[in-house]
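Following the hints, complete the assembly by docking chains B and C onto the known chain A.
Residue numbers (this note's numbering), protein chains in the order written: chain A, 15 to 113; chain B, 718 to 1364; chain C, 24 to 541.
Hint data in this document are derived by calculation from the structure and do not stem from the laboratory.
Please note that the accuracy of each hint is not assured.
Said to hold, decoys possible - A partial selection of chain B residues facing chain C, derived with a Cβ cut-off under 8 Å:
| hint | residue |
| --- | --- |
| 1 | Val915 |
| 2 | Arg918 |
| 3 | Ile922 |
| 4 | Leu930 |
| 5 | Asn946 |
Using N, Cα and C, we set each Cβ at its ideal position, and we do this for glycine too.
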Amino acid sequence: MSVTPFIVLSAILFTIGAVGVLTRRNAIVVFMCVELMLNASNLALVTFSRANGNLDGQIAAFFVMVVAAAEVVVGLAIIMTIFRTRRSASVDDASLLKY
Amino acid sequence: MTTAMTAHVLMHAPPVVDPSSAHGVFSILWLVIALPALGAVVLLLGGKRTDRWGHLLGVATVATSFLLSLILFISLLGRHSGNRQVSQHLWTWFTAGSYHVEFGLLYDQLSALFLLLITGVGALIHVYSVGYMEHDDRRRRFFGYLNLFITAMLILVLASDFVGVFLGWEGVGLASYLLIGFWQHKPTAAAAAKKAFVINRIGDIGLSLGASLIFVTFGSTSFAVVSANAHNASSGTLTAIGLLLLLAACGKSAQFPLQSWLLDAMEGPTPVSALIHAATMVTAGVYLIVRSNFIFSLTENARTGVIVVGCITLLMGAVIGCAKDDIKKALAGSTMSQIGYMVLAAGLGPAGYAFAIFHLLTHGFFKANMFLGAGSVMHGMDDDVNMRHYGALRKAMPYTFATFSIGYLAILGVPPFAGFWSKDKIIEAAFGDNLVVGLCALIGAGVTAFYMTRLMLLTFLSEKRWEKDVHPHESPTVMTVPLMALAGLSAVGGLLLVNNWITTWLSPVVGAHVEHKLGVGSVGMSLIALVVVVLGAAIAWQLVGQRPIPTVAPEKVSFLTRAARADLYGDAFNDEVIVKPGVAGIRGLLVFDATIVDGIVEGLAAAFTAVSNAFRHVQNGFVRSYALMLFAGALVVLFALLAVNFG
Amino acid sequence: MSFPWLSVLLGLPLVGAVLLVLLPAGVAAINVKRAALFISVAELIIGASMALRFHNGDGTQFTEKHEWIKAFGAHYALGVEGLGLSLVLLTVILTPVVILASWNDGDEGRWGPKAFFAWMLALEGLAVGVFAATDVFLFYVFFEATLIPIYFLVGGYGGPNRAKAAVKFLLYNLFGGLVMLAAVIGLYVQSARHHVGASGGPSYLLSDLSKIDFGTDVGRWLFLGFMVAFVVKAPLFPVHTWLADTCEEATPGTSVLLVSILDKIGSFGMVRFCLTLFPEATHWATPTVVVLATISIIYGALMAIGEDNIPRLIAYTSVSHFGFIVLGIFVLNSQGLSGSNLYMFNHGLSTAALFLVGGYLIKRRGSASIKDFGGVEKVAPVAAGLLLISGLAVLSLPGLSPFVSEFLVIVGAFVYSPWAGAFAVTGIVLAAIYVLLMYQRTMTGPLREDNAGITDLNVREIVAVVPVIALMVILGFFPKPLLDMLNPSVHHSLVQVGAHDPGPNVTPSGSSDEGGAK
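Chain A with its partners taken away, still in its complex shape (with noise of 0.2 Å):
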């Protein structure tokens, strides 16, 4: 099995993300492309895991997995809060911690 596939498709799917990160103002989608690197790395550890023969990568993914649902409980909620007092979601308008 050729790994190259997998993991040209993993380097797409985390530029598209990184893109989207430094490009998009609405917070949900920066936060669906962070989801999307995130997910385009689990897509490589596992490859790599596969290639390899053994379970570090799927473990590193797994952890991955945890750590992204964790991240989108307390992100979304501050988002909502953000949303609720400010009457927007741009990552632009919340720019009060500042020097």
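Here is chains B and C on its own, set in the frame of chain A:
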């Protein structure tokens, strides 16, 4: 003659302090100190409760001390002359390594005389103060300070160790500080007190370093050890010790160049001046030199220093005394001068130690007498001290006049009064040492006659120049009785010289007395001195007594008079050379501390703040900009890895 | 197992501090203060009974040792010899004094009296820990921990610029601590390399570390690491400026705890660590440190003469006195080191008295500037008397305890080099000037109208200061108990550093003269 004397001294090493332990009647020695100390503690801590009887307690403690001193003295007389040194060990003061300092007392022929002088004259001054300070609402505190003064001085002369002397030494400094500044609401009094203490502390440098050098040299600072080993030390070391002790003596005894505090010290109440000038304080320097005779006898160079200081001061003080209109300051100049005589005598070595002490005793009598007399005059003149406002007081104050006159005759050195015997011996010994020194002493005697006659004329004789509403009156009995007692002592003090009693008495402590024959003989010398004295008095009679005395000091006077009025520019010199540059230097140092030392630290902090301020703008609050930086960072790491792995 | 005296002394105030904070909000302020005073007095009683059980000359006593972090070789190890015990005693004596004297100083602060006294108690406990630690790592932990209470005491209760002063204090001392941390880590590396621990591993115990021969280079670097921290702490020129700034803003009580107790950690550390662990480096550094100390003596005194602000003035007098203390340590002879050890205790007393009495006056006048006083003796004679006595103690008047120590340091300096003695001794004249100038300007002269409202001290204030002054008088005439406690540890330090006292230049002639010398 000087070299001959040195050889003589070297042949006979100075005596060794080798006391036997105190027992019998001598075991009460500590009480002599403890009584006035107790008085001071009770009066100063007791507060207002002791106001009513405080002064009586003060008098009683010192008087009892005097009685004890008398008992001790008589017991000492009863002992064999080789067995008259008694020591009392109280407790170990401190120990460090091989250095032990004992809290011990040494009672010998020298301290015995001092004990009598301090407690005797001190008690009379206490009695006098009861009347003098009657209307002062802080009289109780005054007596507390007086008792403290006596205590400190007793510790000074009884201590058996240089560090013990230092305790009394500084205690005297403290007590004088408190007493000179007793009327501390007067800024001049407060300043004079501080000045006295600070200048004394300059002298203390000498005592501190002297004690250190003594420890380094002998491994101990007790008189017993040092005196036993002094002859083994190198002459350079001995000279250094001698000069350091001389510096100490200059501070306490107001000798040149540390003399300037003494005239300002007249800000204190008059009994204090009497105490400082007669029985305590200024005599401490003379005591130190005579006590350290085991050092000074072995070092010609240091003794030369002592003689020079003594000569300069005796002339300076006399000149200053001539121009002062303030009766207390004129007397203060006289004290400087008389102490100069004692220091000079002490510097003569074995030929002069005993006479230094002899003059110290007689001076203690007549100077206390005259200072208290001046206080009595001031008491009657509403505290006016300007002699130009006095005149013809002999009728208004007959007792004061009579007693003062005896003091006057004594200080002049008119036979048979006390000063004649003691001063004459010093002049004689001075001529025996060196012609110049002898001439200095002789001229000093003439100048003394001049200013004392002037003082007498201005105060008691001539016509009255009283201010309005001043009604001179004689002081109460409680003040005149001490005057009479002191006048009596001033008259008969010379008896101590009968059969050379004092030189014989002191010889176990200061070494055998060295006689030297003068060309003119002893009687001839006395006659010459008497002629000079009469000459000085006659000039004063001519210049002061035969002319009208203006009530305001004339402005157009000779340079010498102006200089003498300004204390021979001692203060001006200190001001220009030490105080002003010092103040400027300290100002500069404050700026240096704030701008350079602290400035570097604060500047470093400011630089960090500035850099942080510049960088914090990166933190702009936009999530996407943070994300961009994150990616940029990741890319840098990536390329760095690639460069390392494949480069 | 014997009674853990030191752990109790360490723990009691810390627990007390926590309890104080946990008191319900309803408890009246006066009861909070009483509780704090009660705890500190209990601590004093325990400390005193411990001191009575101390056997002079038996080395380190009341030892406790428990393994703490095995990987580092760190232990919870406590024990005191003479010097440590004297400073523990100083701590437990001064804390109740300070609490009583600053009775109302916590009321106006940021967090009220509860936190104020809690921090003070915490500081007391930590200070005991510093002086009792026989493990370098434990010492370091306590050393840094003492900064926390002072930071809050200065930052929360004090003058208008207290925040800046607190930060300056913290950063300055953290910097010193950081350099020391590097040296502490270096010690770990060395101890691991030399296998000095009980099981062949690393050890931070002083007793183990003192067996190591570090070699010239390593020893000197490690010495410098410790020395920098200690020189900042016991401020020597040129790293002294934080002290004046901090004292200017802090309450008098805080200043006492800082200057009288905490700054002693610096001089204590020099004796306990620099001398004991790095004898070679000590000899190497001696000339430099002696010069620096002598400069500090004169520089601090001159600054004090020129200073108008009373707390700053006192701070600068302490710079001068720390110069004496450090000078005495590094001349490496019995007289100097005994004097220094004694001076640490005496300086604590004299400076405490001066800070407290000065603080009483400042509080009444509402100004710390000497210019604003004048003639106060007339309305406040008791305050004037106490100020004068404290001042006289600071200028080392014989009869008060600092004299003995200062005299011994001067003698020690003179033994080391007459020049060192001669320069140091100018300090006594300058001391007379700064103390008497301050007294003259504040207390004497005609009473100024704006000072007429100043009242004399009340009973509480007098009761707080009098024990300190009484102690100074007693130790001035009879310092023997303290010296007997200190001298064996002085001897021990000198043996470890390999220094010998030079004998007298003149050998006594005849055996009968030995009586006075031995």
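Against the structure, the hints:
1. With its C-beta approaching chain C no nearer than about 5 Å, Val915 (chain B) sits inside the 8 Å limit, and its interface hint holds.
2. Look at Arg918 (chain B): its Cβ gets to within about 4 Å of chain C, closer than 8 Å, so that hint holds up.
3. The interface hint given for Ile922 (chain B) holds, since its Cβ lies 5 Å from the closest Cβ of chain C, which is under the 8 Å cut-off.
4. With its C-beta approaching chain C no nearer than about 7 Å, Leu930 (chain B) sits inside the 8 Å limit, and its interface hint holds.
5. Evaluation of the Asn946 (chain B) hint against chain C yields a held restraint, the C-beta minimum of about 5 Å falling below 8 Å.
In the structure shown, no violation is registered for any of the earlier numbered hints.
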